[in-house]
Amino acid sequence: MEALIPMDIFLDTFFNWQIVQEAWPILWQGLQATLLLSALVVPIGVAGGIILAVLATVHSPWVKWPLRVWVDTFRALPPLVLLVFIFAGLPFIGIDVGAWGAVAIGFFLNTGAYYGEILRAGIESVPRGQLEAARSTGLTRGQTMAYVVLPQAVRNVLPDLISNTLEVVKLTSIASVVALPELLFQARQAQSVTYNATPIMAAAVAYFVLLWPVVRLLSRLENRQLAGRQ
Amino acid sequence: MSAHAPIVDARAIHKHFGHLHVLKGVDLQVAEKELVFLIGPSGSGKSTLLRCLNRLEEPTSGSVIVDGIDMLDARTDINKARQRIGMVFQSFNLYPHMTALGNVALALRKVQGLGKAAAEAKARAALDRVHLADRADHYPLQLSGGQQQRVAIARAIALEPRVMLFDEPTSALDPELVGGVLAVMRELREDGMTMVVVSHEMGFAKAAADRVVFMADGAIVEQGVPAEIFAAPRHDRTRAFISQIERH
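Chain order of the listed sequences is H and G.
Okay, so the first sequence: first residue is 1 according to the numbering used here, each after it adds one.
Okay, so the second sequence: first residue is 231 according to the numbering used here, each after it adds one.
Some clues are possibly wrong.
Derived list of chain H stretches under chain G, where covered just means 3 residues or more per stretch with a C-beta under 8 Å from a C-beta of chain G [said to hold, decoys possible]:
| id | region |
| --- | --- |
| 1 | 92-100 |
| 2 | 140-150 |
Here are a few chain G residues that face chain H, going by a calculated C-beta distance under 8 Å [to be verified]:
| id | residue |
| --- | --- |
| 3 | L286 |
| 4 | T290 |
| 5 | A337 |
| 6 | L389 |
| 7 | L407 |
It should be emphasised that the hints constitute simulated quantities derived from the structure, not laboratory data.
Source: prediction; values computed, not measured.
We put the beta carbon where it would ideally sit given N, CA and C, even for glycine.
Required output: the full structure, derived from the provided sequences and hints.
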């Protein structure tokens, strides 16, 4: 009998259905905020990545070196520090972009650099003959990029893009440091009110339900690419 | 422009790749409706010369005039000029994410600005000219190498070019697929297309070329009508090259 007591406490603290029901409205708000954040920062990151990847095709040292420094910097800086600096630091020099603005800029810089590196590899994987064929028909550099090179580049690195997107969605939890009520932030609020860890577990389940289909899709794509290579 | 001015007029073309001097002052004039064959050992510069004609390769010096347009002038709208010069590549270079029709229609829509329906009608007509109208909805991977190359020819001729450049169009093909591509090229010639061809298809050169240009080490060694070049080459290098080719 005595051995059961710690187990009861464990279940009561981490998997308490009563607490889930009480905390649900707060968690639901958090889930919505996380979805909204993801819908904001993923396109912003991809757009930033496309800009960086296309710039990387310019063979001028005036573009190449600043780009290198930019990408290295924002990949090396911890995104949390970056976000805090934009949100709390920049107002001192008169730039106050607010919480959502800080998140948008922070993810543009950090996530954009990661997407940029993936897309650059994708662009480099497209044979040069594709570009030459397109240019020989009179397509401009930009048209060639948009209609011929990028569609193939994206297809070639799709698993990496999706994988990065998973990370980005999980990374939206850092928005809590600028007081945006995303899922994990709300879960911790609920935890401190209920003195119970169940809301955190509930948030974990919500993340899982959200991301598991994407993970499945990813491994299917990876298997297909592996099969295609043989 | 006088009636007899060459449609392609390349003069004193030099091309350096770093330390390599690939073209050493080459002159090439092509008359309207002429079929010129460029032959020579690999590394002789024939492909580079071809690629200088539509400025896929930037000559280090020299001048290239095609259909009256100075291809090397910075003020020339190169994208506009390139529509007049079709090019076919050794490795086909079809866009794998588009159907045959999509491949041919892309430049018609984006470069010539045709609407979807007009571009597709024109693309279908071009595919018909290479006898692939029934393959319009196939993707490149669903086509044989010979069919892919014919789609690539359709992609070029759909823009109604004044000159066609062929860069080893049959070198990547299995022998049984070469005939279909050569047949299409012969039909183009009969329709009066001006063509510059880099190729080792000596049979085709003998049968269809107006002039054969032999290049070695970045320069033109000799040129003339096929009968002359093949039967009675004047230079040792030409003789050696032709006897080597004919042995295969």
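Against the structure, the hints:
Closer than 8 Å: that is the beta-carbon criterion, and the region 92-100 of chain H has 0 residues meeting it against chain G, so the requirement of 3 is violated. Beta-carbon proximity to chain G at under 8 Å applies to 4 residues in the region 140-150 of chain H; the threshold of 3 is reached and the given coverage holds. Taking 8 Å as the C-beta contact cut-off toward chain H, the hint placing L286(G) at the interface holds, the least distance being around 6 Å. Annotation: interface hint on T290(G) violated; nearest CB of chain H at approximately 17 Å, more than 8 Å.
For A337(G), the interface hint holds, the least distance from its beta-carbon to any beta-carbon of chain H being 4 Å, beneath 8 Å. A least Cβ separation of about 6 Å between L389(G) and chain H falls short of the 8 Å threshold, and the interface hint therefore holds. Interface hint at L407(G): violated, since its Cβ lies 19 Å from the closest Cβ of chain H, which is beyond the 8 Å cut-off.
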